[in-house]
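Protein chains: 2
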Amino acid sequence: MERSLIESIAAELTGSQPAQQLVRGIGDDAAVVRAGAALCVTSVDAMVQDVHFRLGEGADTPFDVGWRALAGALSDLAAMGARAGEAYVALGVSAEVGETGALELMRGAIELATQTKTVIAGGDVVTAPVLMACVTVVGWADDTSELVGRNGARVGDLVGVTGRLGGRHRRPRPRLNEGRALARAGVHAMIDLSDGLAADARHIGESSGVRLEIELAKLPLAEGVPTWEQAASAGEDYELCFCVAPDLRERMQDAVSEVSDVGVTWIGSVEPPGPADGPDRAGAVFSDERGEVVRLQGFEHSW
Amino acid sequence: MERSLIESIAAELTGSQPAQQLVRGIGDDAAVVRAGAALCVTSVDAMVQDVHFRLGEGADTPFDVGWRALAGALSDLAAMGARAGEAYVALGVSAEVGETGALELMRGAIELATQTKTVIAGGDVVTAPVLMACVTVVGWADDTSELVGRNGARVGDLVGVTGRLGGRHRRPRPRLNEGRALARAGVHAMIDLSDGLAADARHIGESSGVRLEIELAKLPLAEGVPTWEQAASAGEDYELCFCVAPDLRERMQDAVSEVSDVGVTWIGSVEPPGPADGPDRAGAVFSDERGEVVRLQGFEHSW
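The listed protein sequences correspond, in order, to chains A and B. Its first residue numbered 2, the first sequence is counted upward by one per residue in my numbering. Its first residue numbered 2, the second sequence is counted upward by one per residue in my numbering.
Hints may be right or wrong, so weigh each one.
[Claimed, not checked] A few chain A residues that face chain B, going by a derived Cβ cut-off under 8 Å, partial list only:
id	residue
1	Ser9
2	Glu13
3	Ala20
4	Thr43
5	Val52
6	Gly86
7	Gly93
8	Glu100
9	Leu104
10	Ile121
11	Gly124
12	Asp125
13	Ala129
14	Cys135
15	Val139
16	Trp141
[To be verified] Here are the simulated distance ranges between beta carbons:
id	chain 1	residue 1	chain 2	residue 2	range
17	B	Arg185	A	Glu224	58 to 64 Å
18	A	Glu224	B	Arg171	53 to 59 Å
19	B	Ser5	A	Ala60	25 to 31 Å
20	A	Gly279	B	Thr15	58 to 64 Å
21	A	Arg250	B	Ser5	53 to 59 Å
Simulated from the structure, these hints should not be mistaken for lab results. Cβ atoms here follow ideal geometry from the backbone N, Cα and C, with glycine treated the same way.
Between the sequences and the hints, there should be enough to build the whole structure, so can you do that?
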């Protein structure tokens, strides 16, 4: 559902509004707005009970939900290379969790905000049938050269990822420092893996008009993830995928290792796309260790 | 519920985060963040089906909901005196309304965005049990002197409101031009009446450490509103309430009439507060045409 809806919304917006201040709008991890000399980078992430999380024994606590709602939005800033600024949290509070649960959710968000030096500057509280959190984050950059979108991948680039894929964490860490380091070191395109590598590699390929060729056998699997397919298809991953000129390979590894110990793995390359109606059109292709193409599903949800 | 929850959240935030860039945080209509030379003014408003609106015959259409979700957030910018910039719309889409309803909601938001020169720059789309919209708006100002909060009312000020109170509009117009004109003309404090005059006048009084004395007989009633009580207690009003030095009375009327024909009505004055535990403490008092105090209820939802 969501992909076609997002495309319809984008179509409604096109031409309906003047937007000189908009450096990047719908179609990337975050919107970029010119604000005097600075750039304001904004992303919104909504999480709904029984859609994105479950509460209860063996499942998430409201604290986990608050943490992850903020983490998801911050991860979009990481993928743009922006530094985290402020967060605004709108809470939908159900009778089931009440004030106690809502406050626990906020404590989770505040804990991650503190760790990432994000300021929670406002929000809203409403009654809702289930627990929900809608987090807007605002990040900042001094210049467009500090930021990177999905649409800059070039033929010949290497494709890299941070960390290990497919792990599900109750309290994941958005790769803010890594994203900023990679953007400043000169990656051509970057995205976070919130929809899973299968979908997000395709987003880069389609936005850039190129074809990403990913070798599944090279994927760095998180502990306990049994197959490449699972690592590539799992959504809600907080690692970053990026495309970069091959001669910058070492510079990228150094840039990441200066700020973090998650590491970088090279998983593929960027190739020219075939005809738009053919199997090799712009997007992403995944192959197994025998070189055979594997079809993978991903999630779609952001715009 | 919401008031105590908001206070608990504010208490959690206090001291937990460094916030040099925060000019105004929780406790006003919008947060104000320093962004280089500019000021970024942000507010979030969430609307949930069967809490804030109903769908169906004789009730709202998704178009109305989209319009009003954006209007509510823009109204907060109006109350600060900021100019509208960008909006981010997170949609919770139920099976009941589907893609068609979600797109109609977006069309309502886009229509108001076009009329107010607001750019819809991004958002999120998720599945939800009922239709929901969470709108974040970002406004801008060049200098803190252009903006006005709730906390600046002074003893001796007049209390004014724009337009007529208590009317319920499917597609209300946020008072952006009026708010900006009033802020620039020098009001000391301003708020929008989204919680209703009874609650919002008290917000100004409490934030400013003064007591607003409102004469109900002076309220400008919207067409079809039978009583002052109803006009003062209705939430979701989009007019502005403001406090201003008495010698600026005419300047304010002129400032508003230059940008709009909604007009200004003077409804009370700002008095010193009595002891914090007494009936005359900081806040607001409402009296009827015989001078007798009337108790009124209002809504609470924003932070």
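- Closer than 8 Å between Cβ atoms is the bar; does Ser9/A clear it against chain B? Give me holds or violated. Holds. Min distance 5 Å.
- Query: Holds or violated: Thr43/A as interface residue toward chain B, Cβ cutoff 8 Å?
  - Reply: The hint holds - Thr43/A has a Cβ within 8 Å of chain B, the shortest such distance being about 6 Å.
- Query: Are Ser5/B and Ala60/A spaced within 25 to 31 Å by their CB atoms?
  - Reply: 27 Å, holds
- Message: Let's test the interface hint: is any C-beta of chain B closer than 8 Å to that of Leu104/A?
- Response: 5 Å, holds
- Interface hint status, Cys135/A versus chain B (Cβ within 8 Å): 4 Å, holds
- Message: Min Cβ distance, Glu13/A to chain B: is it shorter than 8 Å?
- Response: Hint on Glu13/A: holds, closest Cβ of chain B at ~6 Å, below 8 Å.
- Message: Would the hint on Val139/A be counted as holding, given a Cβ-Cβ threshold of 8 Å to chain B?
- Response: 7 Å, holds
- Would you settle whether the hint for Ala20/A is holds or violated, based on the nearest Cβ-Cβ distance to chain B being less than 8 Å? This interface hint holds because 5 Å falls under the 8 Å limit.
- With chain B as the partner, please determine if Ile121/A meets the hint condition of a C-beta pair closer than 8 Å. 6 Å, holds
- Message: The hint says 53 to 59 Å between Arg250/A and Ser5/B; measuring C-beta to C-beta, is that right?
- Response: 55 Å, holds
- Query: Would the stated hint for Val52/A survive a check requiring a Cβ distance to chain B of less than 8 Å?
  - Reply: With Cβ-Cβ at 5 Å, under 8 Å, it holds.
- Task: For the hint on Glu100/A, just tell me whether its beta-carbon gets within less than 8 Å of chain B.
- Result: 5 Å, holds
Of the hints listed earlier, there is not a single one the structure fails to meet.
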